[in-house]
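Chains as they are written, first to last, in the working numbering: chain A, 1 to 223; chain B, 224 to 534; chain C, 535 to 674.
Hints in this document: simulated from the structure, not taken from any laboratory. Do not take every clue at face value.
Straight-line Cα separation of at most 30 Å, BS3-like style, residue types lysine-lysine; simulated pairs [to be verified]:
1) A:Lys186 x C:Lys587
2) C:Lys587 x A:Lys20
3) A:Lys207 x B:Lys453
4) B:Lys463 x B:Lys453
5) C:Lys541 x A:Lys40
In silico contact screen, one side only, chain C against chain A (beta carbon under 8 Å); selected entries [stated by the list, open to error]:
6) Val572
7) Lys587
8) Ile629
Note that this is a predicted model, so its numbers are computed, not measured. Where a beta carbon is used, it is the ideal one built from N, C-alpha and C, also for glycine.
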Amino acid sequence: MIICERKPIDEIKSFIDGKKKVLLVGCRGCVTVCNAGGTKEVEILAALLRLDAQKDGKELTVDEFTLERQCDPEYVDELADLVSKGYDAILSMACSVGPQFLSRRYPKERVYPSLNTCFIGGALAHGVWAEHCQACGNCVIHIYGGLCPVSRCSKSIMNGPCGGSSNGVCEISKEVECVWHLIASKFMDEGRLAEFAPIQPIKDWSKSRDGGPRKIVREELVK
Amino acid sequence: MTREIKTKSNLERVLASGAFAVTGELGPPRSADGSEVAHKAKHLVGNVDSVNITDNQTAVVRMSSMAAGLLVQREGLQCNMQMVTRDRNRIAIQSDIMGAYALGINNLLCLTGDHQKFGDHPQSKNVFDMDAIGLIQAVKSMRDDGRLLSGQELPPEGRPKIFIGAAYNPFADPEKYRIHRTAKKVEAGVDFLQSQCIYDMPRFRAFMKEAVDMGLTEKAYFMAGVTPFKNLGMARYMQKNVPGILVPDDFVNRLKAAPKDKQAEEGMKIAAEQIEEFKTMPGLKGVHLMLIEWEHMVPEFVKLCNLTPRP
Amino acid sequence: MSDFEPKIIAFCCQYCAYNAADTAGSMRLQYTPNVEIVLIPCSGRFDVILALKALESGADGVYVAGCLEGGCHFLDGNIRARKRVVYLQNELKKIGLEPERLAMVNVSASQGPQFAAYVDEFAGVVKGLGPSPIKKHLAA
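I would like the entire structure built from these sequences, with the hints used as guidance.
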């Protein structure tokens, strides 16, 4: 899923400074699962913003609404009635697709992101997420024993590990495990080194973000 | 062992002759003042066969390795231009290789490069279009097949005749895998390999034996990295803090036993003893001296090790 | 300021703190009358939203009382509650509300006198902080 993190509250406050009526929109997709922008997080942020305003004697209404998803126009449409009530600002609590879809559907509204979109990852434990994919557009994890060097190696090297691998962790931080240590150890433990010997060629990044913004069109689905 | 000479590299000439080769290392300044490079190079001329010019080492911005390499070559010493893939994509890499060769650079050391996280510009975007092994392949393809990575051909007179180098680290983790990664560099087409500083002689011996047994030393020239300890503190620091570098207690104790003003001397003595062993170690063809910010000691050190005059 | 009587909402676990409050009562111990006790099945049921709603409605302080560490009927409800309290204290600090308006204690069912003392202490802290700035504007 896409892992997000709430922006610092001061930054969010700066978005709505001087505004009186704010709509906070959550998303029941990825950000609900990673506890960043679901109904509950919307409720918490709304309460914090209200408390903050109240303590300073400022007038502020924060309405809350959580959509099924912010990345599908059908769901974004559901906000139409609410938006027509007139808000000074709309805060999206989705990944960065959310504020963009809201802006596109409601072009007159001032839409702000209240999350930072961090990475594509999974939960290692409750409350702990780690990056596992960089959307390079051409998955090769089968070559690497089910582990991804593109997203999990700090240098995305295709023939590792580099000299910065120490005791299973990366030179950049003890918090970052060296994926190449895992890959090499796995092949050695399984006695499959011969299988692992070929040099992996220089990667073609054209299907990655380097090829420009990407788009998929599935003709059989397009009406 | 006689090998075909592929380039005008002095280092290749020495290695192919069967003589024990010596390379040095020079870090360009964080400055646009070329005279500093020339000044450092003076200590190395005549004492080493070629000198590595580091490429923004530890991701700290310094004068470009190509420019500093040329300044060194003006002093009469060939350089091993280091190139990291951290800062260049394949377009810049191939372009720089052509340019470097056109300007008279014959040796290129292919490296992935340190991550910028601990450099002086951690905010920067890195490239890593390819790793060191990809870089070796790219240079080899340009030199031997006359082809760019795109497949486009270079004219015969336009092929960069580069002597291709790379680094190997016998002790980084996972240690058992290190020989296999080195083997990949050899397979990719590297001509010479320089190691990180070696202190643990028994383990290095074991590593070299593996390299010989796998036939790697027949395909590429292996050189051992040497850095004399300046003092006890440095030995202790390297022992504790530098991943992939193993400093035996024995060396630390010898430095400890020496009076403070004699520690540098003892450090050089230890290194000289190591070099004596390297000279006869099967499969090993030379040493790479890394006297970082201690370049002025090189003349004295190579004399102590009986490495001069250079062939 | 001296005549300010704070309004405190205490979320008390039914296995310990709620009984401790009972014990204090049956021992006829005097403690601050400003506390409204809310029974929760475990301090693990405490959620930051409960505290936020209480503060938004004008509470001057919010108190969470759970079992002694290691004594949670549901193993680690009190540990989780503590983490939520710390999290919310940090958030309150960031919006400029005194984090001391939120606190958590651990008591056992038999610790009536301790419970009374803790509540008095917390009430003293809140009294020292003065009325919640939220309440001031709610009234206005």
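Item to check | Structure versus earlier hints - violations, ascending order | outcome: 1, 3 and 6
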